[in-house]
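*Asks:* Going down the list, the protein sequences come from chains V and X. Just so it is clear: in the first sequence, position 124 is 123 by numbering that gives the first Met the number 0, and no numbers are missing. Just so it is clear: in the second sequence, position 71 is 70 by numbering that gives the first Met the number 0, and no numbers are missing.
Each hint should be verified, as a subset may be incorrect.
Unchecked claim - Here are the in silico distance ranges between beta carbons for each label pair:
1. Val11(X) with Gln346(V): 28 to 36 Å
2. Glu75(X) with Ile122(V): 14 to 22 Å
3. Glu57(X) with Glu31(V): 41 to 49 Å
4. Ala310(V) with Val9(X): 44 to 52 Å
Keep in mind the hints are simulated off the structure, nothing from the lab. For each residue, glycine too, the CB sits at the ideal point set by N, CA and C.
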Amino acid sequence: MSGVATEAAQLKFRDPTAARALGAAIEKVTREIGRDPVAVMHVCGSHEQAIARFGLRAAFPPALDVIMGPGCPVCITDVPEVDEGVALARQGVRVATYGDMLRVPGSAGSLADARAAGAKVDIVYGVSQAVELARQTEEEVVFFATGFETTAVATAAEILRGPPRNFSVLSAHKYIPPVMEIVAEMPGSRVEGFLAAGHAATITGFAVFEPFVERHRLPVVVAGFEPLDILAGLLRLVELIRDGTPTVENLYPRCVTREGNLAAQEQLWKVFRPLGGRWRGIAHVPNGNLRLQDSWAHLDARRRFEIDVKALWDFAPPALVQRCICGEIMSGMQSPTACPLFGKECQPETPVGACMVSSEGTCRIWHQYGGHPQLGQVAVGGTP
Amino acid sequence: MCLGVPGRVVEVDGLVATVDFWGLRKQVRLDVVDAPVAPGDYVLNHVGFAIRRIPAGEAEDTLALYSELLAREAPEDLMAADVRGELDAAGRGKR
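In isolation and in its complexed conformation, chain V is listed as follows:
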């Protein structure tokens, strides 16, 4: 890949002068809105990672509250879903899942605990590796599938391709658009606009947000992951708030189109159906869960196995869990630093809540890169 052109593009996206200019414009527009604070939400762990890694919060005006919503698929996997995976593993079924899922606490321990107790739990980086694992063995392999629509399309493609008979799927896949409705309707919600996740929108297209905007009169801006992409997205978002023009705007055209990836959508909806269910700490989200269609019942781990989650309930939940505020953090009511456990009893090595487990969890990201909002200096542009 051509180094010179990439370097030029890097300058384009991380030019400190441009970042400062965007920061100043965001501050001006936020002031013109005349409310303090103005709260906007993004729903993507990768956005939070980029904001933290590049120190963008230092460029946000104090009056602008940029909240990370339920954008971490591992974090919002609910306790009963984790329990299903743990119960299957404890029943002796081989479970393959993404590494981030391993330490997510269920009601009685995590998959890592089950593995330490002798259960067969394999870490995979993608569904295809789980299928490959099933091909290499006679035993049953359950792929414990997490992730938003971006990840669910891969699971769908493997199912359509015809996996071996000893392979099945325990789907905890989630669908983002409905949860935005839930957050917008929460009593006490301060969110005045959404920054939509770039790569989930690569699949769904940005038109999927139009009914939401129509119903809630809140603007949605699709943004990429470069520091300047995010700043530009936020600027457009506060402009739309200031002007009272709730619309959907796409500032990430190199990856997102109006109708999205139609081939992926077709496969997604051939395999999955949306079903209401709880997201950890958030609420019941109508149509927020992706479950296998009846035509794929033979590949659905929930129908293939008797999953005995009740057997786990002899264990009392650890007392610390009851003080965890992951739910309030993911719905934007609180920030990690408001949690009494953050950085103390709850650390990446000894997580109490799911937000400290995943590399996309708000608490984990803040713990890793430093808190909010005094990040010292704008790291945009870096040091050459």
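Please build the complex by placing chain X on the supplied structure of chain V, with the hints as guidance.
*Replies:* Quick look at chain X alone, frame taken from chain V:
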């Protein structure tokens, strides 16, 4: 987990493409990509599947972030770790 990773298509064999990621050759699946791909195209990949053919002329803009992440990897950099996970998800390339 949704960051994805872009790479350049080197070879297409049915629904599998050999893709070059900063000199590392891996195989990605083309089942769900949005448009037909050919050698020379850039694709955005997630968990071993191409999900978007990046329009010609916009590849460098997409690559810039990742080059930065991989070139100046801070210790325990969560974003860089996600990118490495994406590369691990792609199948081993032909030797």
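*Asks:* At the C-beta level, are Glu75(X) and Ile122(V) separated by a distance inside 14 to 22 Å?
*Replies:* 18 Å, holds
*Asks:* Regarding Ala310(V) and Val9(X), is the given constraint of 44 to 52 Å on their beta-carbon distance met?
*Replies:* The hint (44 to 52 Å, Cβ to Cβ) holds, given that Ala310(V) and Val9(X) are roughly 50 Å apart.
*Asks:* Regarding Val11(X) and Gln346(V), is the given constraint of 28 to 36 Å on their beta-carbon distance met?
*Replies:* 46 Å, violated
*Asks:* Starting from the range 41 to 49 Å, see whether the pair Glu57(X) and Glu31(V) falls in it by beta-carbon distance.
*Replies:* 33 Å, violated
In the structure shown, a violation is registered for the earlier hints numbered 1, 3, in ascending order.
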